[in-house]
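Protein chains in written order, with the working numbering: chain G, 1028 to 1498; chain C, 416 to 839.
Treat the hints loosely; a few may be bogus.
What the hints assert, rightly or not - Far from chain C, by Cβ distances over 12 Å, these chain G residues were calculated:
id	residue
1	Val-1137
2	Asn-1250
3	Pro-1390
4	Ala-1400
5	Lys-1441
Said to hold, decoys possible - Stretch by stretch, here's where chain C covers chain G in the computed footprint (C-beta under 8 Å, at least three residues):
id	segment
6	1125-1131
7	1423-1431
Stated by the list, open to error - Here are the in silico distance ranges between beta carbons for each label pair:
id	chain 1	residue 1	chain 2	residue 2	range
8	C	Lys-474	G	Lys-1180	24 to 32 Å
9	C	Lys-417	G	Gly-1222	49 to 57 Å
10	C	His-553	G	Lys-1437	52 to 60 Å
11	G	Ile-1153	C	Lys-620	56 to 64 Å
By construction, these hints were calculated from the structure, which means they are not laboratory data.
Just so you know, even glycine gets a beta-carbon here, dropped at the ideal spot from N, CA and C.
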Amino acid sequence: MKVKESTYIKSNKPLFKKLVSELLKKYEYASVLVNDSMGKRYSVSKTGTNVAEDEIYTSRGYVVKVYDGGCYAEYSGNRISEEEISKIVTLVSEKLVNLGQGIEKSQYKVPEDEEVSFVKSTECEIDPEAFGDEAIVKKLTEIHKKGMAYDEKVLNCGARTEFQRYSKLFLSKNKDLEQNVMWTSAAVNINTKRGNEVKTAYDSGSIMGGMEMLNKLEDMVENTAKIAIELLDSEPIKPGEYECVCTPEVTGMIVHEAFGHGVEMDMFVKDRALAQKYIGEYVASPLVTMHDGNAVEQTATYFFDDEGTVSSDTVIIDKGILVAGISDLQSAMALGTTPTGNGRRESYRRKAYTRMTNTYFEPGTDKVEDMIASVKEGLLLEMPFSGMEDPKNWGIQCMVNYAREIKDGKFTGKIFSPIVLTGYVPDLLKSISMMSDEKSLGGAGFCGKGYKEWVKVSDGGPYIKAKIRLG
Amino acid sequence: MKRYIDILDKSNVGTYFVKETAAKSVELFFIKKKLDMRRMKDDDSAEITIYKDMEEDGKKFRGFATVNVNSTMSDEEIAEKIKSADYAASFVKNPFFEFAKATKSDKKVQESDLNKYELSEIADKFVEAFYSEDKDAHAFINSFELFVRENEVHMVSSEGTDVSYVKRSVWGEFVAQCKEPQDVETYKSFEYDSLALSDLKDLVKTTLKMTADRATATKMPKAGTYDVVLADSYVPEVLTYYAERAHVGYIYPGYSDFKVGDNVQGENVTGDKLNMKFGVSVPFDYEGIEMKERDFVKDGVLKTIHGNQRFSYYLGVEPIGTYNKIVMPAGTVSMADMFKKKCLYVVNFSDFQMDALDGHFAGEIRLAYYYDGNGNVECVTGGSVNGSIFEAQSELTFSSETQKLSKFEGPKACMFKNVAVAGE
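With these hints in hand, go ahead and build the complete structure from the sequences.
If you want it as structure tokens, here you go:
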């Protein structure tokens, strides 16, 4: 079924149209993005059960953007009425555009405002609101109990799911865009303990859709518990360079953190990304083709971005050659390029930046078992924990929960944890020698720009084999 | 707030807690010295939590669920949300707990010299101070984002809590760049709740110097174990391990065994013993509990367990709220004396994380100074630190130099003995 429209947006659309129209009397360009979103987070663990909406998932408001002849200014608010329209127009002209008086401003052109109008919605099989809180809590409780019962070494088993249904309206002089989107993600998290040290294993999944996701969660429990117990016998790894096979989840982290952030073109505008100097050059093995955008259905698939640019599929690396970056509207204007539909906001309360959406490597032709068998002495890296971008220097900082030792093509049973990936991004990407024949993407988490601006993304790819420096 | 309470009363839901936040901000975004975007924000939202008591097989439960509302919603929409929370709470069978004692108080306006000015005036002052140190073409400011915020928080419960406060703060982040001999950058963020213009100037100045030094660094540290010195925000980051392990949310599920009276650094402490107080960063925590300065760890011995009302009740401790500010006295060893011995002083990581669950602290090194113990110092970059607080905590050395951040007041630096470093 189609995700339903927002009645708030529908009933207030004439007011927002009037607001844009009033602003256009004073400014060459004016737009408004209206957001009405609702989402819930459910969790069941030893600490109890939680059902909550929070600000990340549930918000209602708008952001007005105006062009004052050289530069842009934005006002984020949530009150709208006939009376508020004149207040907003006055605030914009008397306060907002006067901020930073006496300071030199960047000079931009007025954006192209191509005429386009549509209403589009994604699909979901099981609407979370119809499925109901009771059924969701019941299912999560079963999963929690299953995890706790797996072994007495299990200290805690947390099962969680969250969904968001958002509706957005973008209006400018020539644009009238509406979208209704729903994503759902879920995860199971298992803790075990050795002395003071608490070990954690997790598995997660995400879809463009509803509570059909919960059926997949149940299958994750046993293997996750098994890994959490195995981690109790893990050892620290000896720092050095290793031949590694990465699971699709670890591939996704490398794609996203190590490379993806570096092709966000607002970083090009600031002269903060090394990638800018490597357009047209080999930055990866010829086996590598990388995408970002709407060619897949995952948690960051949408029809237009938060600046009213229609979304697209961007090929970033084509057979090892860096061919393009991704951009928001303002960065594209600064660079003289075409915006790719990657201008995203944490919410209507925040500025838009260039952000990734669904970012992944295309699959190769190898079988996973052949990849493992080809490793003489190396590791299988599993379960990404965290990563941080370094667009300026292409330094890698990614943390992986654990690595399984491989000798002469076979697992030895030895497990190392935690694992820090380090080194130089192109060295890693150029060393990719095998890629499996299937890809998978996951989007159970959020991505920050530096340490803030959290947006939903997904990433992934196939299994890859590469040489990686570990610490 | 009155509207939400009226609707709640009409809804007959019984027990509730409402936290309403009105947020205003002025935000300026710079590329180099040019203003690239101006923003203002003015909106409101509220979290309404509905509690539901149940009994099953003689066992008492107290469930709860939270919804998010705002003033743009109609009364009917808000009532519907409340109804949905009331319904959801009936499936949340958490063991019964008592609420913390209700607090009533007049609105508290956090004392600050920021209160004398309009938000836009504060922004102007910080921008002027910030760029006053950006006067070198060699190492310069690449980009800067400034957020001047005012939050008014009002919390009301059906059990009699009625507290509110207004707090202003200035948060920012910037990137310093140096192009020669290598093109490098340094990221820094800051948060002040006063007109700390000279602190900001010092931060900009030291960050620019650090960036110029990084531009000269080409070598990785040699792989091995080092006495590692961490400074600035990395010190409180490591100390969050103790605050998290002393939180009822960690103790109740068994992630932490901390008990009042425990030697949190272990039994054989040969380095500095920890002395930490919990400081007050907001007058009331998110459950409306009044915050006050408290002894946290004294001579390495845990004095206080903190956290929310539910887990506190389960553990039988007083619900005192969740603290996120640590205050410590200065150490006894100067940083100059630390650097007389062989050590690695890491001043910048690409990212640094303290994992309170497994006790590891780790990060990739952007810039470190290697002191060889013979008076020589070398800039190094790359590689990573991978330490364990369990192994390091008995031999900590805190600096006599101090720092004052929004959520930490105490030593500027700390030395950790024998930490693994990945490198060449």
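Verification of the supplied hints:
Every beta carbon of chain C lies more than 12 Å from that of Val-1137 of chain G, the smallest distance being close to 15 Å; the non-interface claim holds. With 12 Å as the threshold on Cβ separation, the claim that Asn-1250 of chain G sits away from chain C holds: the shortest Cβ distance comes to roughly 20 Å. Distance check on Pro-1390 of chain G: its Cβ is at least 29 Å (rounded) from any Cβ of chain C, clearing the 12 Å threshold; non-interface status holds. The beta carbon of Ala-1400 of chain G is kept farther than 12 Å from every beta carbon of chain C, the shortest such distance being approximately 28 Å.
Listed as outside the interface, Lys-1441 of chain G is consistent with that label: its C-beta sits roughly 18 Å from the nearest C-beta of chain C, beyond the 12 Å cut-off. Coverage of a stretch by a chain is defined here by at least three residues with a beta carbon nearer than 8 Å to that chain's beta carbons; for the segment 1125-1131 of chain G and chain C the count is 4, and the condition holds. Under the rule that three or more residues need a Cβ within less than 8 Å of chain C, the assignment of the segment 1423-1431 of chain G holds, with 3 such residues. A C-beta distance of roughly 27 Å is found between Lys-474 of chain C and Lys-1180 of chain G, which places it inside the suggested range of 24 to 32 Å.
Remark: the range hint 49 to 57 Å for Lys-417 of chain C to Gly-1222 of chain G is upheld by a beta-carbon distance near 53 Å. Distance hint check for His-553 of chain C and Lys-1437 of chain G: the Cβ-Cβ separation is about 55 Å, which falls inside the suggested range of 52 to 60 Å. The beta-carbon spacing between Ile-1153 of chain G and Lys-620 of chain C, approximately 57 Å, falls within the hinted interval of 56 to 64 Å.
Taken one by one, the earlier hints all hold for this structure without exception.
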